[in-house]
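Colleague: What follows is the residue order along each chain.
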Amino acid sequence: MNDHISSAYDRDLEVITTLIVKMGGLVEDAITNAARSLGDRDVELAEVVRKADKAIDALEEQINEEAARTIALRAPVSKDLRAILTVLRLAASLERIGDYAKNIAKRTSVLVEMAPVSGSDAALRRMAREVEGMLKDTLDAYVRGDARLAEEVRQRDQEVDQMYNALFREFLTFMMEDPRNITACMHLHFMAKNIERMGDLTTNMAEQVIYLVTGVMPDEARPKGDRTSYVSDAR
Amino acid sequence: MKGPVLTETTLSLIAAIPMPVLVIGQDERIRATNPALDAILGRDLTGKHHITALRQPGVIDAIARVRGSGGAASVRFVSRDRDKDTPYLVHITAASNDIVLCLEDQSAAEDVGKMRRDFVANVSHELRTPLTALLGFIETLGGAARDDATARARFLGIMAHEAERMTRLVDDLLSLSRVEEDERVRPRELVDLCGLLASVIKGLEPQAAAADVTVRLDLARDVMRVPGDAGQLTQVFANLIENGIKYGGSGKELVITLHEPTNHLRLRGQGVQISVTDKGDGIASHHIARLTERFYRVDTHRSREVGGTGLGLAIVKHIVNRHRGHLLIESELGQGTRVSIFLPVESLS
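Here the protein sequences line up with chains A and B, keeping their order.
Numbered according to our numbering, the first sequence spans residues 3 to 237.
Numbered according to our numbering, the second sequence spans residues 50 to 398.
Okay, chain A solo, but in the shape it has when bound (with noise of 0.2 Å):
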């Protein structure tokens, strides 16, 4: 890091990254704090997460524009050119999670409204824990230059699929049995897709630092769960 090299551009990037970070702390608190206010059918907290996600997009707005100044200031190449690329495409994913964050917690003001759906939320709540566990690792995996961190988040984001695959089922169930659970179930089946979002970018993400790290992308050799798809009814 001490060579003749380190120097502006150096400064200006440990500012975006610094940016960046605080970033995706600002998202990782959202998604504690939306699956929090689930739980808890906290309307207070869900409100907190929804006014958060505007100082999430704020800082994505001033990291583009740090990144835009430092290309056309210091035209960096190769692997400097790389890490710039990088923060501009982990800041648009953060800034993807942090809506769908503030999505799961304007559904929860709705749904403390009705009648609870018995054990959907905590099985929610775990799978946003999973995710958050797995964008954690991915942020510490990005700051200490860790790709085999990384590597490992790629491949938890098929549990994260095989929870949603059973909430999904699940939904289906409580709809099928009682029509007055299906308003409900909707919001609850698209906050679960909302999580289901959360996993894939984040996975992103960790692709992202993988190649910041290597230099290569990783072939798509990733593990998928997701067989929603096929579904045609519940059984």
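No lab work stands behind these hints: they were computed from the structure.
Owing to the predicted nature of the structure, the values given are computational and were not obtained by experimental measurement.
You may find that some hints are simply not true.
[As the list claims (entries may be wrong)] Computed list of lysine-lysine pairs in DSSO-like fashion (alpha-carbon distance at most 27 Å, straight line):
no. : chain 1 : residue 1 : chain 2 : residue 2
1   : B       : K97       : A       : K81
2   : B       : K133      : A       : K195
3   : A       : K138      : A       : K195
4   : A       : K81       : A       : K138
5   : A       : K53       : A       : K138
6   : B       : K366      : B       : K328
7   : A       : K195      : A       : K108
8   : B       : K251      : B       : K366
9   : B       : K133      : A       : K138
10  : B       : K295      : B       : K366
11  : B       : K301      : B       : K251
12  : A       : K138      : B       : K97
13  : B       : K328      : B       : K295
14  : A       : K138      : B       : K163
15  : A       : K138      : A       : K56
[Stated by the list, open to error] Label pairs and their calculated CB-CB ranges:
no. : chain 1 : residue 1 : chain 2 : residue 2 : range
16  : A       : E154      : B       : R114      : 32 to 40 Å
17  : A       : Q157      : B       : R265      : 51 to 59 Å
18  : B       : H210      : A       : T185      : 37 to 45 Å
19  : B       : I187      : A       : E154      : 53 to 61 Å
20  : A       : A60       : B       : D167      : 36 to 44 Å
21  : B       : L314      : A       : K81       : 57 to 65 Å
Virtual Cβ for every residue (Gly too), placed ideally from N, Cα, C.
Mind docking chain B on chain A? Use the hints.
Modeller: Frame of chain A, contents of chain B only:
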């Protein structure tokens, strides 16, 4: 902007603090950490920007506040390692141009709160189940089954059973709170363990016969006097032998052994070991550490079926503690279980 380099002495002083400590310099970079902190956040943090190391918005905002206004702040920080969350209270203090973070582990405090909540929830739940059954049967007896003699007899039998279960639970709760109350009062009288064991076994004979279990007593001595509370020790052995019959009964044999007193490290002196050994199904290792927790059950359904309250081993542990003794549970799946109590032979005072 960097400020003077921290001296060897300062660094070694920081390293010697048992609490996790992190020092942030004027340039927002980490100037120093100690091993306790490295264990939480990872090594080689010195020189990195604090945001990359800490990341959690609550802490970062608080650092910015302290940086802006001086003074101090305390915020929550959760370190996450796989499935285990450890909550910390982070004390942030401005010290000349630096900012010092001290992490205080909150898990013990939060665990106590959680245990208390769980306890109340458990007791309510345990009492509600038999009560619901009782109310249900009372309703049926008052209505549909009013004139049905066969149903009445059967329902009254179930009601008696449920009421007994509640009584047992309340008894156990009371004796648990009594034992806890005088846990610090050492027992003064001398008790003969051999006579005590024999009378406990005699009392449980009908139960053993019903479960088709042979209870064998194996004594290294004819008389073994230890300082103790006869009533409480009776409760301990009755509990252990009853457990052996209930849960280790498939082994058909229960051996109670009183060993020759020897020097025991755990007791820091002469102690006698009494073991209750069954050849039943055994207990999986991940359950063993938690067996003495209140209401912890390896198999909830089975325990209720045989009338367990989930408090037996918690009571045993407290009584053994009062006697300055030691409880040891060893088990292997499919081989059986051995529960041993070590009691000091002479009072230390």
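Colleague: I want to verify a distance hint. Is the separation of the beta carbons of A:A60 and B:D167 within 36 to 44 Å?
Modeller: holds, 42 Å
Colleague: Tell me if the straight-line CA distance from B:K301 to B:K251 falls inside 27 Å.
Modeller: Roughly 17 Å between the alpha carbons, so the hint for B:K301 and B:K251 holds.
Colleague: Are A:K138 and A:K195 close enough, with their CA atoms no more than 27 Å apart?
Modeller: At roughly 20 Å apart (the allowed maximum being 27 Å), A:K195 and A:K138 satisfy the hint.
Colleague: Sort out whether B:K295 lies within 27 Å of B:K328, counting only the CA atoms.
Modeller: holds, 12 Å
Colleague: Taking the CB of B:I187 and the CB of A:E154, does the distance hold inside 53 to 61 Å?
Modeller: Roughly 58 Å apart at Cβ, these two residues keep to the hinted range, so it holds.
Colleague: Given the hint that B:K251 pairs with B:K366, does the C-alpha gap stay at or below 27 Å?
Modeller: holds, 23 Å
Colleague: Check whether the Cα positions of B:K366 and B:K328 lie no farther apart than 27 Å.
Modeller: holds, 23 Å
Colleague: B:K133 and A:K138: Cα distance at most 27 Å?
Modeller: Measuring from Cα to Cα gives roughly 13 Å; hence the hint holds.
Colleague: Is B:K97 within 27 Å of A:K81, Cα to Cα?
Modeller: holds, 20 Å
Colleague: Given the hint of 32 to 40 Å, check if A:E154 and B:R114 actually sit that far apart at their C-beta atoms.
Modeller: holds, 36 Å
Colleague: Within a Cα-Cα threshold of 27 Å, do B:K133 and A:K195 meet the stated pairing?
Modeller: Holds. B:K133 to A:K195 sits at ~26 Å (cutoff 27 Å).
Colleague: Go ahead and decide if the range 37 to 45 Å is satisfied by the Cβ distance of B:H210 to A:T185.
Modeller: At 44 Å between Cβs, range holds.
Violated hints: none; the structure is consistent with every hint.
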